[in-house]
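**Q** Residue-level listing of the chains:
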Amino acid sequence: MQTFHNIGTTTDWIVMVVYFIVIMLFGSYFGRYTKNTSDFFFGGRRFSWWLITMSIVATGVGSHSFVKYSAKGFQHGISSSMTYLNDWFFIAFFMFGWLPIIVYSKVRSIPEYFEKRFSPSARFLATILLLLYMIGYIGIGFLTLGKAVIPMLPQAFVIFGTTVPITLMGAIIVIAIITGIYITFGGQTAVIFTDLLQGFILLFAGLLLFFFGITYLGGFDIFWNLLPVEWKLPLADFNQPANFNFVGIFWQDAIAGSIGFLFMNQGLIMRFMACKNVNEGRKAAAVNILFVLPISAIVVGNAGWIGKAISIVSPDVISPNTSPDQIFVVVANIIASPGMFGFIMAALTAALMSTVDTLINATAAIFINDVYRPVQKFLKKAILTESEKERRELGAARYASIGVTVLGVLAVLAFKNFPTVYEAHGYFHSTLTPPLVVGIFLGVFWKKFTPAGVITTFVGGVALMILGARYPGILIAPFDHGIEMNQSHPYSYIRALYNIVVCLGVAILAVFTAPWQAKTVSVLQNKQNGKTAMNILTGFVIFLIVLVTFNIASIDFQIFAALGIIILVPFVVTYFVQYDEEKNTKGLIAGSIGEARRYFKDGEPNDEEGEKVLVHWKQIDGDTAVVRFSTENMAKMKAQPGDLVYLSDKRKWLGGLKSIHSVFGESHDEPGVVYVTGEQIDHGLFVPGRILEAEKEM
Amino acid sequence: MDLFSHSWLPFIYLYGLGGLLFVFGIIITLKAGSFDLSRYSHKKWMWVLLFGFVWYLMIHALMTWAALGIISVYTVPIVLLGMAAVFIAVTLMLKRAKKGEQETQNSSEVFYKSLEFVSYISIPLVLFLPNMSTNLSGGGLYLVIVTINILVAAFFNAKANPFKK
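From first to last, the protein sequence lines stand for chains A and B. Under this note's numbering, the first residue of the first sequence carries the number 2, and numbering increases by one thereafter. Under this note's numbering, the first residue of the second sequence carries the number 213, and numbering increases by one thereafter.
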C-alpha cells in the first residue's frame with residue numbers, strides 16, 4: 002500500500018498555524034463567559050437552536066471524520082455516505098423521550114440518570130461503561146488526527162545531529178497536548194462558539210474541495226460517468242465484503258450508533274442541554290439530521306469519490322493502491338493550490354480537535370458528577386461555601402480534562418492496528434454501545450424495567466458479549482446475514498446485532514422473572530442466615546465473572562458460567578438494592594414527562610400560549626431568584642408569579658449568549674420594564690440600553 | 213449484472229426495518245403521552261417527523277435510480293430542493309397559523325393539503341412517469357412508496373392535521 006510524507010508547502014504550514022492561533026483566540030475570548038461548572042459543562046442552558054445546530058456540525062463532522070469517510074469513499078464509492086443518512090429512525094424516541102427527560106429531571110450526566118431511575122450501583126456500572134465509551138471515542142479522535150497529519154510531516158527530523166523518526170503515536174501525543182491546553186482553559190461556552198465558527202468553515206472547505214475536484218476532472222458529467230455503477234449506489238452491497246457491507250453497518254451504525262450518538266454521547270447531549278429549552282433542542286436535532294447531515298455526507302466523503310475518479314483516469318497521479326486513510330490529504334494536495342491546501346487541512350484538523358475537545362469536556366463532566374462529587378460526599382468533607390465548592394469543582398474539572406486527554410492517547414493503542422479508522426470505529430461502536438443503549442432505552446420507555454434488569458444487562462449481557470468476541474464463529478455467526486468472517490477482525494460491524502440481542506434478551510429475561518426473584522428474596526429475608534446465603538451467592542457470581550472475563554475454562558463451561566451470571570445476578574440485586582417502582586420512575590420515564598415538568602418547575606406548568614414581549618431592564622436590589630414585569634406584560638405573556646421565564650438580549654444573532662433563566666416575581670406598574678438584580682445582569686451579560694426579549698417557559 | 217443486493221435489497225431492509233422502528237417510536241411516545249397531539253406544537257412536530265422519513269427515503273430512492281441510470285443524476289437535487297422548499301413553506305405556514313391563533317382556516321387547509329399532495333405525489337410522478345414502462349422494478353417500487361405515502365398522509369391528516377379542529 003502506498004503511503005505519503007512531506008505533503009504540503011511552507012505556505013500551507015503558515016496558513017495552518019495562523020488558523021489555529023485565530024481559532025484558539027476565538028475560543029479563549031468566549032472562555033471568559035465560564036463562571037461556574039454549569040457554564041463550563043453546559044454553557045448555562047441559554048443558546049438558540051441554530052447556534053447549537055452549527056456547533057454540532059463541527060462535532061459531528063469531526064467525529065465522523067473526513068479521513069474515514071474519504072477512505073471508504075475511495076474504496077467503495079458514494080455508499081460511504083450511508084452512515085450519515087440513517088439517523089432519523091430513532092428521532093421520535095429522542096425528541097419526545099430522552100431529551101425532555103434529561104432536561105426536566107435536571108440530571109447532569111447519564112450515570113446520574115441511572116442512579117435516579119435505578120440505584121447507585123447501576124450508576125456505578127454505567128459510569129464505568131460510559132467512561133470506557135467516551136475515552137475510546139477520544140482515542141478514535143486522536144487516531145484520526147494522527148493519521149490526518151502524518152502525510153504532511155516528514156518521516157523523520159534531525160535535532161542536534163540525532164535523527165528522530167516521526168511516529169503516529171508521537172504525532173498524537175503532540176496533538177493531545179495542544180488539545181488539552183485549549184479545553185482545560187476554555188469550557189463548554191468556548192467549545193460551542195469555536196465549533197460554531199468551525200462548523201461554517203468545515204462545510205465551506207468540504208464543498209470547496211468538491212468543487213475543485215470536479216473542476217480538476219473537467220466537469221460533473223465526466224466525474225459521474227467515470228464512476229462504475231457500484232460506486233454510484235448510495236447503499237453498500239447487502240453482505241459483502243466483510244469490511245464494508247450494508248447489513249453489518251446498519252446494525253452497527255443505524256441502530257447501535259444512532260442510539261449511542263443520540264442517547265449516550267455525553268458530548269452531544271451536553272450540546273442539546275445547552276439549548277435554552279427542550280423545544281430548541283428538538284429544532285437543533287431536526288435541522289441537523291434533516292439538512293446538515295446530508296450536506297456533511299458530501300463534505301466528508303467527496304475527497305474519496307474524487308480520488309477514485311482520478312485513479313481511474315490517471316492512475317499515475319493517484320494510484321489505486323494509495324492508503325485509504327491518506328486519500329483525503331493526497332486528493333486535497335493535488336486539487337487545491339498551496340495555501341488553500343493548508344486552509345483545508347487546518348479546517349480538517351481543527352474539526353477533529355473540536356470533536357475531541359467536546360468529548361474531553363463531556364468526559365470531565367462525567368468524572369465530576371459521577372466520581373468526584375460522590376467521592377466527596379462519601380468522604381464527608383467539611384461543608385464549604387457554595388463559591389468555594391464551585392471553585393474547587395472547576396479546578397477538579399480542569400485536572401480531569403488533562404487526565405482524560407492522557408487516557409484518550411492511551412486508548413489509541415487499542416485501535417491503531419485496524420486497517421482503517423472506519424473499521425476501528427465500527428468495531429468500537431458495535432462493542433461498547435449495546436449494554437448502555439439497552440439500559441437507557443428500556444429505562445426510559447419501560448416502566449417495569451428494574452435495577453435487577455439493568456444490572457444484569459450490564460453484567461450478564463457483557464459476559465455474553467465477551468464470549469461472542471472470543472468465539473465469534475460459534476456465537477456471532479448465526480446473526481451474520483451471510484457476511485464472511487474476517488479472521489483478523491471478525492464481524493467488526495454485525496457483532497452489534499449479536500450484542501444488542503444478548504443484552505436485550507438478558508434484560509427482558511431479568512424483568513419477566515422478577516416475581517420469582519421477589520418471592521425467593523422474601524423467603525431469604527425471613528431466614529436467619531439469609532444474608533450469609535446471599536453473600537455466598539454474590540461471591541459465587543464474582544467467581545463466575547472472573548471465569549468468563551479471564552478466559553479460564555473451556556467454552557462450554559464459560560457459556561454455563563455466563564448463564565449462571567444471568568440467572569443469579571437478578572437475585573443478588575433484588576436482595577441488596579432498595580427499589581420503589583413508583584418513586585424511581587416518577588418524572589424519569591417517557592410516560593411521566595408531566596411529572597418531570599412539574600419537578601423542573603417545582604410547581605404546576607403553565608402551558609397557556611402567551612406572546613413574547615420586549616422590555617427595557619432596570620437594576621434593583623432585591624430577590625435574585627425572581628425577575629419582575631409589569632402587570633400588562635405579564636398578561637401579554639399569560640404568565641403568573643412563579644412561572645419560569647427566559648430573558649435574553651433582543652439581538653437574535655447572539656443566539657442567546659446574553660440571557661438568563663429566572664422565575665416571574667410579583668408584578669409592578671411600570672409597563673415595558675423588567676426589574677433585575679445586579680447578579681442577574683452580571684450572569685446574563687446584559688448591556689445597558691439594550692432591549693431584552695422575554696418569554697414564558699412554563 | 214444483478215445489482216439487487218447492492219441497491220433495492222439494502223433499501224428495503226433499511227426502510228422496512230428502520231420504518232418499523234420509526235413508527236414504533238411514534239406509537240410508543242404517543243402512548244406514553246410525552247408526544248401529545250392535543251398540543252399544537254406537537255402537531256407541528258408530527259409533520260416534521262413524517263416529512264423527515266419521506267425525505268430520507270426519497271434521498272436514497274433518487275440516488276439509487278440515478279446510479280442505475282433510470283433517472284438523470286441532475287433530477288436528484290431538483291426533487292430534493294423541491295421537497296425542502298415544500299417543507300420550509302409548510303413549516304412557516306404552521307408557525308404563522310400559531311401566531312394568529314387560527315388553527316382552522318379553510319384556505320390554509322386547502323393549501324396545506326395541496327402542498328402535501330405536491331410533495332408526496334406530483335413532483336416524482338411527473339419526473340418518473342416516462343421511465344416506468346422501461347423499468348418495472350423502479351416504477352413498481354415507486355408506486356408502493358407513493359401508496360404508502362398516501363395512506364400515511366390520509367391517516368395522519370385525520371388524526372393530526374393542525375388545521376383541523
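Treat the hints as calculated values from the structure; they're not laboratory data. Check each hint, because a few of them may be wrong.
Using C-beta positions, here's what the derived DEER-type ranges look like [what the hints assert, rightly or not]:
hint, chain 1, residue 1, chain 2, residue 2, range
1, A, 296, B, 228, 22 to 28 Å
2, A, 604, B, 248, 16 to 22 Å
3, A, 506, B, 215, 51 to 57 Å
4, B, 304, A, 157, 56 to 62 Å
5, A, 22, B, 216, 52 to 58 Å
6, A, 296, B, 229, 49 to 55 Å
Just so you know, these numbers come straight off a predicted model, no measurement behind them. Positions of the beta carbon are idealized from the N, C-alpha and C atoms, including for glycine.
**Q** Hints first: check each against the structure and report whether it holds.
**A** Hint check results:
no.	hint	verdict
1	296/A - 228/B: 22 to 28 Å	holds (27 Å)
2	604/A - 248/B: 16 to 22 Å	holds (20 Å)
3	506/A - 215/B: 51 to 57 Å	violated (36 Å)
4	304/B - 157/A: 56 to 62 Å	holds (59 Å)
5	22/A - 216/B: 52 to 58 Å	holds (53 Å)
6	296/A - 229/B: 49 to 55 Å	violated (26 Å)
The structure fails hints 3 and 6 (numbered hints given earlier, in ascending order).
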